[in-house]
Amino acid sequence: MPRLSRKETRNLATGLAFLGPNILGFLAFTVVPLVFSLFLAFSNWDLRRHNMFKDEPIAFTGVESFRRLLEPGGEFWFYLGNTVFLMMAIPFGIACSLGAAILLSRDLRGGRRNRVAVAAVAILVVSLLMVRAAAGPSGAEGQMLLLLSGVFSLVLLLGAFGGSTAYRTLFYLPHFTSGVAVFLLWKKLYTDAGPINTALAPSLDRLAQTVNRAPPPMVQAGLWAALGLALALLAFGLGRLRAFWRDGDLGTRAAFLPLAVLLVPAAIAWQWMPAPPRGEAQVVALDGRHALRLADHAPARRPGTEVEWRFGPEHPAVAAINQALTRPLPVAETVAERWPEVREVVEARVEDERQELLAQVERGRISGTQADAELMRRRQAFESEARRTLEAETASALRQAGAEAFEFEFRVLRETASPHPDHPRIQAILELHPPQLDEGMTAFPWGRQASFFATEAYQAGPDAGFQMVDAEQMPGYRFRILPSPSGHQIRELRLRFGVATQEDPEGEPVTEAYLLDDVVLRRAGEIGPLLELNFEDGSAPAPVGGAARRPAWLFLGLAGAAVVAYGGTTAACGREFSSRPGTGFGTAFLLALALMVAQFVLIGLGLVSWRLPDMAADGLNPPQWLTQYHWAKPSIMLMGLWGAIGSNNMLLYLAALTNVPQELYEAADIDGASRLQRFWHITWPQLAPTTFFIVVMSCIGGLQGGFEMARTMTQGGPAGATTVLSYYVYMEGFLTGRLGFASAIAWALFVMVFVLTMFNWRFGNRYVNE
Amino acid sequence: MSDPAPHRTPWRQTRSAQAVRTFFRTLGLHGVLAVISFALALPFVWMVMTSLSHLGEVGVGTWVPERLRWENYGEVFRYERQDIAAEDLAVSPEDRPRGIPFARYYWNSVFVASWVTFLQVLTSSLAAFSFARLRWPGRDRVFLLYLATMMLPGLVMMIPNYQIMIYLGLVDTLAGLIIPASFSAFGTFLLRQFMLTIPTSLDEAAEIDGASKWRLFWDVILPLSRPGLIVLAIFTFIGNYHSFFWPLVMIRSQHRYTLPIGLLYFDSTRGTETTLLMAAVTMSVVPMILLFVLLQKYLVKGIQLGAVKG
Chain A
1 MPRLSRKETR NLATGLAFLG PNILGFLAFT VVPLVFSLFL AFSNWDLRRH
51 NMFKDEPIAF TGVESFRRLL EPGGEFWFYL GNTVFLMMAI PFGIACSLGA
101 AILLSRDLRG GRRNRVAVAA VAILVVSLLM VRAAAGPSGA EGQMLLLLSG
151 VFSLVLLLGA FGGSTAYRTL FYLPHFTSGV AVFLLWKKLY TDAGPINTAL
201 APSLDRLAQT VNRAPPPMVQ AGLWAALGLA LALLAFGLGR LRAFWRDGDL
251 GTRAAFLPLA VLLVPAAIAW QWMPAPPRGE AQVVALDGRH ALRLADHAPA
301 RRPGTEVEWR FGPEHPAVAA INQALTRPLP VAETVAERWP EVREVVEARV
351 EDERQELLAQ VERGRISGTQ ADAELMRRRQ AFESEARRTL EAETASALRQ
401 AGAEAFEFEF RVLRETASPH PDHPRIQAIL ELHPPQLDEG MTAFPWGRQA
451 SFFATEAYQA GPDAGFQMVD AEQMPGYRFR ILPSPSGHQI RELRLRFGVA
501 TQEDPEGEPV TEAYLLDDVV LRRAGEIGPL LELNFEDGSA PAPVGGAARR
551 PAWLFLGLAG AAVVAYGGTT AACGREFSSR PGTGFGTAFL LALALMVAQF
601 VLIGLGLVSW RLPDMAADGL NPPQWLTQYH WAKPSIMLMG LWGAIGSNNM
651 LLYLAALTNV PQELYEAADI DGASRLQRFW HITWPQLAPT TFFIVVMSCI
701 GGLQGGFEMA RTMTQGGPAG ATTVLSYYVY MEGFLTGRLG FASAIAWALF
751 VMVFVLTMFN WRFGNRYVNE
Chain B
1001 MSDPAPHRTP WRQTRSAQAV RTFFRTLGLH GVLAVISFAL ALPFVWMVMT
1051 SLSHLGEVGV GTWVPERLRW ENYGEVFRYE RQDIAAEDLA VSPEDRPRGI
1101 PFARYYWNSV FVASWVTFLQ VLTSSLAAFS FARLRWPGRD RVFLLYLATM
1151 MLPGLVMMIP NYQIMIYLGL VDTLAGLIIP ASFSAFGTFL LRQFMLTIPT
1201 SLDEAAEIDG ASKWRLFWDV ILPLSRPGLI VLAIFTFIGN YHSFFWPLVM
1251 IRSQHRYTLP IGLLYFDSTR GTETTLLMAA VTMSVVPMIL LFVLLQKYLV
1301 KGIQLGAVKG
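Protein chains in written order, with the numbering used here: chain A, 1 to 770; chain B, 1001 to 1310.
Among the hints, erroneous ones may be present.
[Unchecked claim] Heads up, incomplete: computed chain B residues facing chain A, CB under 8 Å, no partners named: (1) 1030; (2) 1041; (3) 1046; (4) 1058; (5) 1135; (6) 1137; (7) 1152; (8) 1155; (9) 1161; (10) 1180; (11) 1185; (12) 1249; (13) 1264; (14) 1284.
The hints are simulated quantities; they were obtained by calculation from the structure and are not laboratory data. Cβ atoms here follow ideal geometry from the backbone N, Cα and C, with glycine treated the same way.
Using the sequences plus the hints, can you model the full thing?
Below, the structure written as structure tokens:
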């Protein structure tokens, strides 16, 4: 190190003195954790093995965690898939915020007289609306109309007098308030009694009637039309890319990624329709597993009724559990057996705390009552910690011994509140019939409290042949079930759901208290249910059948033909101008991305129209947004879109729009450019650096995000559908206690973010500098 | 020979025609913007209306309750105390309180967010001054380290930080929420960028006047960076008011819950009380809306300057 002069030393001292407070915290809470985290990721640190009862040495395991993490078919890939799926909303969000920014940047005033005139019209519209609403139908409908026109009038008046600032504020609020509170709001919006479904139901009924009147092939032709349009988009994209390349706007190497992005929908065309055959078969394949068709069991939705499903040993789900049960296991310690020993540890610790508190009381720092309360609190904390640790340990011991865990989930839709909080609100009974117990079968009645389930389960465990190690509250309930080594076989799996009738404070029965949806039994850590019961319409998800594969294959074929045709002609013609290999990436990439998204939307709509006649046959029901496996992710994306319209991206676009030189537009006006041309040739290219920045930043945010929604709205469910990577880290690190493994996930996440950032620097900078 | 027809501009090009066109264009724009804003506001409308309803009125088609039940808001604050006397439990079920210690949660949130804001602005401005206005060997390398860590996902640090909190005995304390959040590389970066825009001639003038570096910082740079400080303060405050992950893993005791955790707890224990939940949600959202409406000038500028995380 070069020697510093006195002045330099003094400067260094001053600099560090100012930096001091910050850098101390920075070192303590950023740099040290960083190093620590790296260490964790390469170790087997696991709170279930290194805790106050157990002290196995922490071993350095090298890349073991990463190897386990990246195992093909593992949970990580599934959750990464979820994350990427949710990120597909990003392009739509960006498009919406661009649209909003363009609308907001337009001149809303246009002179004083114009403003007065607009305000006058607004007031006129408002008064007309109010008169119409007030004179309209009375009763519920009229009130609703009055409310909505009142709100609309308010918005209009705000806009007319406040101008674009007022609209900007209104646009921005959803994003700004976004947090647990707003997620809870959306959770309620999405329930069956929520406004979305109450509004959707009548229109869906009308739609079903219309569809039922039309001959099915006519409706299904929508798929062909959609695929035709998608193909046209693909051809358009190929043509544009070729033109870019030929005219020297796009380098050869830079063309690859956009081309690949453009072809994604065609490349996965064969996957669109995972289609088991339709039929009356009782068992249909679902995601390679098995589900039961329950068309004959469509349960009554009346309160007070009971619905029951029985599955014999021949059923794949029961067979799978039985198989797990027959596997020889070492006798695992149960929580109940180990509890006395653990209790001693707890008592010892409580005694220590008591001595310390006593000392404080003697010194007069706290009063006796305070000390009592504090001791009580600490005892509870110790006990619950001990119990949690033990439970986790037992579970992991069993798991290590090869016991397979099963997860049983169900959700409760539409709960009318019970005035009696401790009243058991719902009875779900999972009955397992071991052969030894002919009459006295074991049933677990599950009430509302998670802790209650757990204790019941421990008591019932050994006899039932099952041990419940974990019961967690979700929008519904999830139980992790571990076979205990009792050697019993399940003779019958019986699922019984009682929809309880409640009494309100006046003693009147409250009708339709509960509705259930989607009962899922699956192997823990695996994707796809062993058993899936859909309570709502009593059927397993209707498959899309064989004939629908034809359009998909045709699309793939035509897309291939288009690529060959364009490739051939391009190769034959050659380039007219040459450019550096890497230039022009941004424009081409954004174009390809937009076209890809549009293709997917079209294909999705087409598939819906293909399935519509089948779906509409028994009437269309609004989706159970957050609680149905296939709807949960779209629901979250929809909510994200609501917040994304007026997000920070909109503000960035607004700033960027004011920086577009007006001369360009004037020149375009002189050339007589249409509005679309102005957008496409001036606005879009001028905004491209902003767009690029926003896209990359949103992707980085999207990879890390989604935790709050998963935690507040769905607990990562149903069946893991909304578990994103950040929630996975939380589950592993803070719920299970596998710190090493969780750190490995976090670092894998970092690598992805890092790649994106590098991508941004490499192409973003070049692109902006051009 | 007749007079040549007087030259008349076609009506489409007259000033009044242009005014009419402008009028209709702006009117159309207003219409579109109002409809979008209206649609975006609907969830909030439902939230407020539901918070004023009776539970039986939720989900029946109309959002308008028979009578506005303002008492729902009071009910949120009535909660069952842990140290409740035995005879109090004998009250009939419908008189049992159904709320949560909402005021407590509110206070915790504001307390934590205010402290973090104060500390972060303080430490960040000091550090930013050091990076932007002082010359010392190794400065740029240290700054690069700061920049590099900004790229790391916060998740990477969560687990080790939690272990550190256990070690320091700060788990389940409000201090455990405040202290780690008080040192921010991002805030330092933001303020440094801001301070770089202040002309250096001021430093020289101060030096000639014989002012110490502290005086330079306190009397010259800090007042001039006020807009930057305000932006950072607002972002920090809001970020910590909304903060979820860290309090979720750190706080165990109910009386130390912050608002988001409290709401989550409310939802998980009494989620079926839709009206009360919405009243609580309204009460936590409304301050944010007010804050935004009052401070949006700074916020918008801050965001457009790139003051956004992620």
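Hey, does the residue 1152 of chain B contact hint survive, CB to chain A under 8 Å? holds (6 Å)
Given residue 1041 of chain B as an interface hint, is its Cβ closer than 8 Å to any Cβ of chain A? Nearest chain A Cβ about 6 Å off; hint holds.
Less than 8 Å between beta-carbons is the criterion; does residue 1264 of chain B satisfy it with respect to chain A? holds (6 Å)
Less than 8 Å between beta-carbons is the criterion; does residue 1135 of chain B satisfy it with respect to chain A? holds (6 Å)
Status of the hint placing residue 1155 of chain B at chain A (closest C-beta pair under 8 Å): With a closest approach of 5 Å, the residue 1155 of chain B hint holds.
Chain A contact restraint for residue 1161 of chain B - C-beta distance below 8 Å: For residue 1161 of chain B, the interface hint holds, since the closest Cβ of chain A sits about 5 Å away, which is under 8 Å.
Does the CB of residue 1046 of chain B sit less than 8 Å away from some CB of chain A? Holds. Min distance 5 Å.
Could you check if residue 1137 of chain B really has its C-beta closer than 8 Å to a C-beta on chain A? With a closest approach of 6 Å, the residue 1137 of chain B hint holds.
Interface hint compliance - residue 1284 of chain B to chain A, C-beta minimum distance less than 8 Å: holds (4 Å)
Once the shortest beta carbon distance from residue 1249 of chain B to chain A is found, is it less than 8 Å? holds (5 Å)
Residue 1180 of chain B as chain A interface residue, shortest Cβ-Cβ below 8 Å: Since chain A brings a Cβ to about 4 Å from residue 1180 of chain B, closer than 8 Å, the hint holds.
Double-check residue 1058 of chain B for me: the hint is only fine if its C-beta lies closer than 8 Å to a C-beta in chain A. holds (6 Å)
Hint compliance for this structure: every hint is met.
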